[in-house]
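Peer 1: The chain contents come next:
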Amino acid sequence: AQKVTQAQTEISVVEKEDVTLDCVYETRDTTYYLFWYKQPPSGELVFLIRRNSFDEQNEISGRYSWNFQKSTSSFNFTITASQVVDSAVYFCALSEARSGNTDKLIFGTGTRLQVFP
Amino acid sequence: NAGVTQTPKFRILKIGQSMTLQCAQDMNHNYMYWYRQDPGMGLKLIYYSVGAGITDKGEVPNGYNVSRSTTEDFPLRLELAAPSQTSVYFCASSYSIRANQPQHFGDGTRLSIL
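Keeping their order, the protein sequence lines are chains A and B.
Heads up: the first sequence begins at 1 in the numbering used here, then just goes up one per residue.
Heads up: the second sequence begins at 1 in the numbering used here, then just goes up one per residue.
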């Protein structure tokens, strides 16, 4: 069965601290895609990154980095030198590429990150 | 860049009333989706469409209907509003069926049923 688990409900850090948001997924497919979305207090959903199951290379984008490990079915997200503007709810999501399927996303329950000045 | 536009942004309904949540995208995406987000939860798929004239149920379709007469528009209808449908509703669209393109989301419609 498809499932995405974000065990951390809420994390609080002080500005400039590094923080890692955990994401563990379950799927029986060999081809799948993983996503991270950010939901700031204003409520919209902002796409951050997509990863396919064949690409385990870690990715860095500015202060953001992602660690994809198939061996542990994890796709963790690290923010380096956090800032107040990083305060948001972060969602990890999974989509399977089975034949006949669509881009249906399975979301985790989200991790609320609060960065204090 | 309009992207995905949802209207209204907020609405309060009485139990038993009906309404239509509007969603329009200007990116020529074939694939469109409706999700609901309950407090403290992730998003759950209500309905989706792979093109004009084609719709299918998602994980939580009961109490909702959709139609897709054009590529651009994908309205969601609540026929008999119930308190359990109090939620934030997100419409999304994507270019590819191959699950490798990000879905672009609207800003959401916050709906309260009283």
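The hints are simulated quantities; they were obtained by calculation from the structure and are not laboratory data.
Bear in mind that the values here come from a model prediction, so they are computed numbers and not experimental data.
Errors might be hidden in some of the hints.
[Stated by the list, open to error] Pairs of lysine-lysine residues, derived as DSS-like cross-links and limited to a Cα-Cα distance of at most 27 Å, are as follows: (1) A:Lys3 <-> B:Lys14; (2) A:Lys38 <-> B:Lys57; (3) B:Lys9 <-> A:Lys104; (4) B:Lys57 <-> A:Lys70; (5) A:Lys38 <-> B:Lys14; (6) A:Lys70 <-> A:Lys38; (7) B:Lys44 <-> A:Lys104.
Peer 1: Does each hint fit the structure? Answer for all of them.
Peer 2: Hint check:
1. A:Lys3 <-> B:Lys14: violated (34 Å)
2. A:Lys38 <-> B:Lys57: holds (26 Å)
3. B:Lys9 <-> A:Lys104: At roughly 24 Å apart (the allowed maximum being 27 Å), lysine 104 of chain A and lysine 9 of chain B satisfy the hint.
4. B:Lys57 <-> A:Lys70: Not OK: lysine 57 of chain B and lysine 70 of chain A at ~30 Å, beyond 27 Å, violated.
5. A:Lys38 <-> B:Lys14: violated (32 Å)
6. A:Lys70 <-> A:Lys38: holds (23 Å)
7. B:Lys44 <-> A:Lys104: Roughly 10 Å between the alpha carbons, so the hint for lysine 44 of chain B and lysine 104 of chain A holds.
Violated hints, in rising order: 1, 4, 5; the structure is consistent with all others.
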